[in-house]
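Protein chains: 2
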Amino acid sequence: MREVFQQSLADVQDRLIEIAELVAEAMAKATQSFGTSDVALAEEVIENDPVIDEKTVALDELAIDILARQQPVASDLRVVVSALRISASLERMGDIAEHIAQLTRMRFPDRAIPKGLKGTFTKMGELDVELANKLAELLRTRDVALADEIRNADDKLDELHVSVFEKVLSDSWRGEAAATVDATLASRYLERFGDHAVSVSKKIVYLATGDWVPVADDA
Amino acid sequence: MREVFQQSLADVQDRLIEIAELVAEAMAKATQSFGTSDVALAEEVIENDPVIDEKTVALDELAIDILARQQPVASDLRVVVSALRISASLERMGDIAEHIAQLTRMRFPDRAIPKGLKGTFTKMGELDVELANKLAELLRTRDVALADEIRNADDKLDELHVSVFEKVLSDSWRGEAAATVDATLASRYLERFGDHAVSVSKKIVYLATGDWVPVADDA
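Residue numbers (the UniProt record's numbering), protein chains in the order written: chain A, 1 to 219; chain B, 1 to 219.
Isolated chain A (complex conformation) (with noise of 0.2 Å):
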């Protein structure tokens, strides 16, 4: 029982890494479109976001078909619980790369990045896709130091997220009320997007340490 519970948990850790990864290729597809105006990059953004859909939910029922034919307890539990977790996560993380593809589509042919900030939406964009194949990593090696990198990561995104604001509240702003609006959604999807990122790192951490962690921790 014990080795068919192996095996189950190792089947959970692929597909969650498999869904990690395309999670991360879809932010980098999507951050590239944003910056380049690519529409049809961004279409392939939109039109794929089913297929992770569809994969967090075939992993919950994976989880779900554990917890009723091989009933762990005690710690064993929580890993599973943590997989049903980590798959909600990365689910939204799917969604947000998917609605930074929308900006650039609702946008086009016109810039979606607001002039003046396409270095810091760049660098944020990099940063996300960053942190998600660390995700990838950090479910793959079990190296916990990666959970460090990935909140330093996101403090950065985080200090950039607040430099926009300051940039369109400043007098210097010139943008239209568009560009406006498009800043503050940008930087609100590409700064939670981190945010989601540490919260998964953190049940991650749990899968290989034990140390179990609370769900109210990614607000």
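Bear in mind the hints are in silico, worked out from the structure with no lab data behind them.
Treat the hints with care, since some could be wrong.
Which bits of chain A does chain B cover? Going by a derived footprint, with three or more residues having C-beta under 8 Å, they are [unchecked claim]: (1) 77-84; (2) 170-178; (3) 183-193.
Computed, partial: chain B to chain A, Cβ under 10 Å [stated by the list, open to error]: (4) Asp60; (5) Arg69; (6) Val73; (7) Ser170; (8) Trp173.
Each residue gets a CB set at the ideal place from its N, CA and C atoms; glycine is no exception.
Start from chain A and add chain B according to the hints.
Coordinates of chain B only, in the frame set by chain A:
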């Protein structure tokens, strides 16, 4: 054993109702503070959010304890997993109420609601409070007709959300960048609260009818 399980579920339900009522109260105060620039009321919402967080964590621990001790299977198991998901969404709805209160505090003593949008935001706030109250009622009564009412209220919320952007992007918009940022964020928060409410209502309907809802439904 069956009786013990039913008693445990009744406990879970009571706690979900309590949390939903706290969320409704938080949103009522948050939107009132936002409309009247009542910074003391906003502070109250911000100070009380940890209470909602703690109660959702305690509920999750109870659900995990039920899984461990009573080892439910089939639909009983899905009911407990649903409770975990509902709890996570309610916690996020509490966070959103806090975000609205933070907007109020950030702009104080100025008004956070931009000129020309007072009526729209008042209506959106009322709809959000109505949604949260209906969720508590749905949890209490299992009257699935309430889920339709929640969906209808969310549709109205979505229309108002779109109307905020139409207003902000119209030629008649005279708001400064700060007003545009506030309108964008507040509208996004109020609309997102509705998405969570619909997502929760679907899961409560499952508790009442046994129709399982996949998790990827609040995009």
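Hint-by-hint comparison with the structure:
no., hint, verdict
1, 77-84, "holds (count 4)"
2, 170-178, "holds (count 4)"
3, 183-193, "holds (count 3)"
4, Asp60, "holds, 5 Å"
5, Arg69, "holds, 8 Å"
6, Val73, "holds, 5 Å"
7, Ser170, "holds, 9 Å"
8, Trp173, "holds, 5 Å"
Of the numbered hints stated above, none is contradicted by the structure.
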